[in-house]
Amino acid sequence: MPPGPTGKTRADGVRQTFLRGATAMQELIEPMITGTPYPIKGLVLYGTNLFHTVPNVPRTKEALQNLDFVLAIDVLPQDHVAWSDVVFPEATYLERYDELWACGHKTPYIALREPAIEPLYQTKPGWWMARELGLRLGLETFFPWQTAEEYLNQRLSSIGMDLDQLRKQNGVVIQKGKPYLANFEATGGSPFNTPSRKVELYSEALSTAGHSPLPDYQPPAEGPAGYFRLLYGRSPVHTFARTQNTPALYELQSENEVWVNDTAAARMGLRSGDRVWLENQDGAKSGPIAVKVTPRIRPDCVYMVHGFGHDAPGMTRAHGKGASDATLQTRYVLDRISGGAGLRVNFVKLVREA
Amino acid sequence: MAVRYAISIDLDRCIGCQACAVACQTGNELPAGDSFITVSDTVQSRGGGLWGSFVHHRCFHCDAAACVTVCPTGALAKQNGLTVIEPEKCTACGYCTDACPFDVPHIRDNRVSKCTACLGARGRIVPVPDARAGLLLRDGQEPWCVETCPSQALRFGERERLLAEAKSRVAALRSRYPNAAVYGETPLGGLGLLMILLDRPDAYGLPAKPVVPSTLTVWQDVVQPAASGLSALAAAAMGLMFIVARRQHAREKAEIAEETPVGGQDHE
Amino acid sequence: MSSESPRLVQRYLRAQRFIHWIGVASFLTLLFSGIALLFPPLSFLAAGGLSRLMHQIAAIPFVALPLVYAVLLPRQTKELLIESFTYAREDWEWFKHMPAYMLGRTRGLPPQGRLNAGQKLHHAGTFLMFGTVAVSGFVLWVGKGRLGANGLACTAMVHDLAMLGLSVLMIGHVYFTFLYDAFSAMRTGFVTEEYARMEHAKWLAALPSEGFAFAPDASKSAEGSEGDTKSAAE
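Chains as they are written, first to last, in my numbering: chain S, 1 to 354; chain L, 1 to 268; chain B, 1 to 234.
In short, the hints are calculated from the structure, not lab data.
You may find that some hints are simply not true.
In silico negatives: residues of chain L with every beta carbon more than 12 Å from chain S [as the list claims (entries may be wrong)]: (1) Gln18; (2) Ala77; (3) Asn110; (4) Glu147; (5) Ala164; (6) Ala236; (7) Ile256.
Distance ranges between label pairs, derived from CB positions [unchecked claim]: (8) L:Gly47 to S:Gly233: 23 to 33 Å; (9) L:Asp221 to S:Thr263: 21 to 31 Å; (10) L:Ala208 to B:Lys78: 48 to 58 Å; (11) S:Arg113 to L:Gln152: 21 to 31 Å; (12) B:Leu42 to L:Thr38: 33 to 43 Å; (13) L:Thr42 to S:Arg275: 20 to 30 Å; (14) L:Ser151 to S:Thr194: 48 to 58 Å; (15) L:Gln152 to S:Asn170: 51 to 61 Å; (16) L:Arg4 to S:Glu118: 41 to 51 Å; (17) L:Asp221 to S:Lys168: 54 to 64 Å; (18) L:Ala208 to S:Pro295: 25 to 35 Å; (19) B:Leu28 to L:Ile256: 32 to 42 Å; (20) L:Ala208 to S:Thr263: 29 to 39 Å; (21) S:Thr263 to B:Asn150: 40 to 50 Å.
In silico SDA-like links for lysine to any residue, alpha-carbon gap of 25 Å or less [to be verified]: (22) B:Lys202 to L:Ala250; (23) B:Lys144 to L:Val68; (24) L:Lys78 to B:Gly49; (25) S:Lys292 to S:Ala225; (26) B:Lys202 to L:Ile256; (27) B:Lys144 to L:Leu206; (28) S:Lys321 to L:Cys17; (29) S:Lys124 to S:Tyr93; (30) L:Lys253 to B:Pro6; (31) B:Lys96 to L:Ala250; (32) L:Lys253 to B:His173; (33) S:Lys292 to L:Leu50; (34) S:Lys292 to L:Val68; (35) S:Lys321 to L:Asp34; (36) B:Lys96 to L:Ala236; (37) L:Lys253 to B:Ala206; (38) L:Lys253 to B:Phe178; (39) S:Lys292 to L:Gln44; (40) S:Lys292 to L:Asp202.
Each residue gets a CB set at the ideal place from its N, CA and C atoms; glycine is no exception.
Based on the provided sequences and hints, a complete structural model is requested.
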């Protein structure tokens with residue numbers, strides 16, 4: 001297996017348990033508990049909805065308790081925030097400057113992200129937190145600027161602009177783009193970073209790394225009798241697990257439902273609107289959640305929209321509404337190439353609410 | 001001749017994201033619990049399979065609008081093909097809520113509430129020549145829903161043009177959806193909200209041939225004017241008769257007084 | 001000229017006058033608050049729901065009146081109802097004479113009882129229209145938003161037509177009141193003997209003669225003592 005740039009083994013197992021990819025967050029949970037391959041002492045959770053993102057929530061909670069220091073930085077008092085040692089409430093995007101948004105691709109552009117109002121509460125922007133921490137950590141040389149405007153002006157000067165000019169242009173600088181592949185056609189190069197410079201169906205690189213060079217179908221495992229495979233997905237109204245508390249969206253969809261096949265529901269005597277608890281193969285529970293009887297789901301599966309079942313009291317509207325699929329995903333299958341977690345390998349049974 | 005505008009919804013392009021509902025609610029600053037647009041879906045078992053579509057419930061901006069017919073104060077009126085509201089005139093009598101064949105207007109805070117294509121108090125329609133022939137309302141913007149729709153299912157423009165485009169779209173859809181049709185070309189004088197349906201109207205819970213019941217027109221155009229007219233006539237007739245009758249009665253009393261000298265003085 | 005004051009006959013009790021004027025006030029309020037919904041030029045009265053509020057408030061005493069009457073004067077209520085719907089031969093005679101009566105001539109009328117035939121008809125019509133307008137009004141009030149287009153239109157038409165009937169009856173009522181100088185009946189409760197003889201001779205004749213027709217000055221003190229008179233208002 002080709003080593004990484006520094007040659008060291010990273011705790012999440014990149015290039016060991018999986019070939020490529022960014023950090024596999026879920027692969028850090030066990031190292032945080034076992035201390036293998038090396039102990040992890042602290043964690044900064046910045047814009048990460050930990051208990052709705054990483055499978056096996058009970059194990060994650062164990063990991064947090066094992067750490068010496070957990071810092072949560074968030075715009076919302078999400079479920080994991082109460083499990084942290086220190087909380088930095090962050091100002092929302094409407095209340096802060098952010099880094100310039102520089103986008104390449106076909107029509108490159110640079111966009112300004114600036115505050116519309118002063119922060120409503122005692123929250124701070126991310127850049128301020130970074131700078132204040134940096135100064136206290138002896139990193140003054142990396143923070144020669146006092147304000148975000150200074151920083152942004154400095155960056156913009158490299159293209160002969162400043163904030164005022166950028167604002168006059170409605171905050172966007174659009175640069176001349178070109179079709180993505182034009183260069184390659186002219187120069188004879190290829191955008192495909194493969195040994196053959198082509199899209200490979202049979203991959204030598206995977207073979208060298210010890211993986212199967214062709215996709216290798218493994219049939220999905222059966223669940224226990226009386227259990228349904230738990231499928232999850234998205235509703236167009238909500239974004240991940242972070243908008244359930246937003247008033248206008250909460251009005252449109254305040255909770256999720258568990259979709260049960262109509263034949264299966266009839267057999268169990270369940271009707272739409274009945275409230276049930278979901279319990280998975282490892283005994284993890286979440287609920288109560290309303291049943292939706294529909295022919296739109298297979299008889300051996302149930303489906304629910306991701307992102308509900310918040311238990312943080314600070315999520316005043318979303319608190320206690322619906323069930324959390326993340327809580328029920330105590331098992332996952334690691335994709336050996338990207339490090340991603342396949343979560344649709346959990347099974348649940350429906351327990352009627354007493 | 002005032003130009004007739006319309007909104008069109010292509011239910012094949014609609015992805016059910018409800019961004020239109022959210023944009024409408026926030027753009028019009030509606031209070032929590034109120035909305036002008038409701039998007040839902042309908043799923044039906046058909047021939048061993050399933051058929052589904054998104055369903056929009058919102059004002060159809062009928063040309064011969066029942067709500068405008070019954071509104072006693074003119075709070076509801078037509079403007080350039082769209083049904084608009086002047087809230088100060090509304091008395092919350094609720095006639096419109098009963099009259100509408102689509103059950104659209106509702107009373108909120110003692111005023112009628114429904115989509116007005118964002119033609120608020122300051123709204124005006126300004127044609128703007130651009131590639132999309134976009135039209136401006138409400139301080140120079142398109143209706144919120146149209147502006148927001150990420151799949152261009154919602155459009156705003158001159159009705160004639162939208163109708164023609166809808167029809168050609170339906171012709172293209174027929175291969176996949178044999179019952180696809182434009183809803184709103186002719187009913188109720190032609191609707192200001194044209195919908196490209198993927199199936200017959202009843203699949204959407206819509207009336208196939210919506211009408212303003214004749215009872216409403218009889219009430220507004222016959223009975224009410226007749227009642228006022230007859231009352232006024234009665235009052236006028238009685239007024240005239242009074243002059244004549246009073247004189248006759250006075251004469252009669254004088255005759256009686258002559259005939260009976262004892263007792264019976266003039267009354268007050 | 002002899003200044004012997006005219007003798008007065010009591011026609012209506014205080015309770016009856018009270019109910020009548022409450023009825024007038026509530027009816028006129030209902031009429032005008034309803035008219036605001038008829039003419040767009042008057043719609044400014046309706047904006048904001050003011051006229052609707054007035055209409056609903058006035059509806060309550062209006063509808064309660066018959067019950068109040070029945071509770072205060074049960075005997076009179078019963079007799080009024082019977083009288084209004086009972087027509088004898090002289091009533092039909094009166095109707096034949098009605099055109100002349102409308103034009104101010106009472107000669108040739110058969111002697112009338114307490115209520116002449118026209119008044120009976122007026123009462124009967126009023127009761128029926130009252131019931132119709134009250135019931136249809138109630139339906140419009142509680143059924144708002146739940147009637148559907150046809151239900152709304154039909155109920156409203158019934159309400160409008162009943163109101164038309166009541167308005168025409170009222171116009172006629174006011175007409176005859178002032179034509180025949182009968183206003184005092186409801187203003188003071190008393191009418192002159194001359195009036196009584198002219199209009200309701202049978203009634204006058206049937207009244208007990210003693211302690212009945214009062215001299216004007218005595219009649220003033222009798223305003224509050226109708227309890228000890230055999231009232232004409234039965």
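For each hint, the structure was consulted:
no., hint, in the structure
1, Gln18, "violated, 5 Å"
2, Ala77, "holds, 30 Å"
3, Asn110, "holds, 22 Å"
4, Glu147, "holds, 16 Å"
5, Ala164, "holds, 30 Å"
6, Ala236, "holds, 57 Å"
7, Ile256, "holds, 80 Å"
8, L:Gly47 to S:Gly233: 23 to 33 Å, "holds, 26 Å"
9, L:Asp221 to S:Thr263: 21 to 31 Å, "violated, 55 Å"
10, L:Ala208 to B:Lys78: 48 to 58 Å, "holds, 56 Å"
11, S:Arg113 to L:Gln152: 21 to 31 Å, "holds, 27 Å"
12, B:Leu42 to L:Thr38: 33 to 43 Å, "holds, 36 Å"
13, L:Thr42 to S:Arg275: 20 to 30 Å, "holds, 25 Å"
14, L:Ser151 to S:Thr194: 48 to 58 Å, "violated, 35 Å"
15, L:Gln152 to S:Asn170: 51 to 61 Å, "violated, 23 Å"
16, L:Arg4 to S:Glu118: 41 to 51 Å, "holds, 46 Å"
17, L:Asp221 to S:Lys168: 54 to 64 Å, "holds, 59 Å"
18, L:Ala208 to S:Pro295: 25 to 35 Å, "holds, 26 Å"
19, B:Leu28 to L:Ile256: 32 to 42 Å, "holds, 35 Å"
20, L:Ala208 to S:Thr263: 29 to 39 Å, "holds, 33 Å"
21, S:Thr263 to B:Asn150: 40 to 50 Å, "holds, 42 Å"
22, B:Lys202 to L:Ala250, "holds, 23 Å"
23, B:Lys144 to L:Val68, "holds, 17 Å"
24, L:Lys78 to B:Gly49, "holds, 22 Å"
25, S:Lys292 to S:Ala225, "holds, 22 Å"
26, B:Lys202 to L:Ile256, "holds, 18 Å"
27, B:Lys144 to L:Leu206, "holds, 23 Å"
28, S:Lys321 to L:Cys17, "holds, 21 Å"
29, S:Lys124 to S:Tyr93, "holds, 11 Å"
30, L:Lys253 to B:Pro6, "holds, 15 Å"
31, B:Lys96 to L:Ala250, "holds, 22 Å"
32, L:Lys253 to B:His173, "holds, 21 Å"
33, S:Lys292 to L:Leu50, "holds, 16 Å"
34, S:Lys292 to L:Val68, "violated, 40 Å"
35, S:Lys321 to L:Asp34, "holds, 22 Å"
36, B:Lys96 to L:Ala236, "holds, 24 Å"
37, L:Lys253 to B:Ala206, "holds, 23 Å"
38, L:Lys253 to B:Phe178, "holds, 15 Å"
39, S:Lys292 to L:Gln44, "holds, 15 Å"
40, S:Lys292 to L:Asp202, "holds, 24 Å"
Hints 1, 9, 14, 15 and 34 from the list above are not met by this structure, while the remaining hints are.
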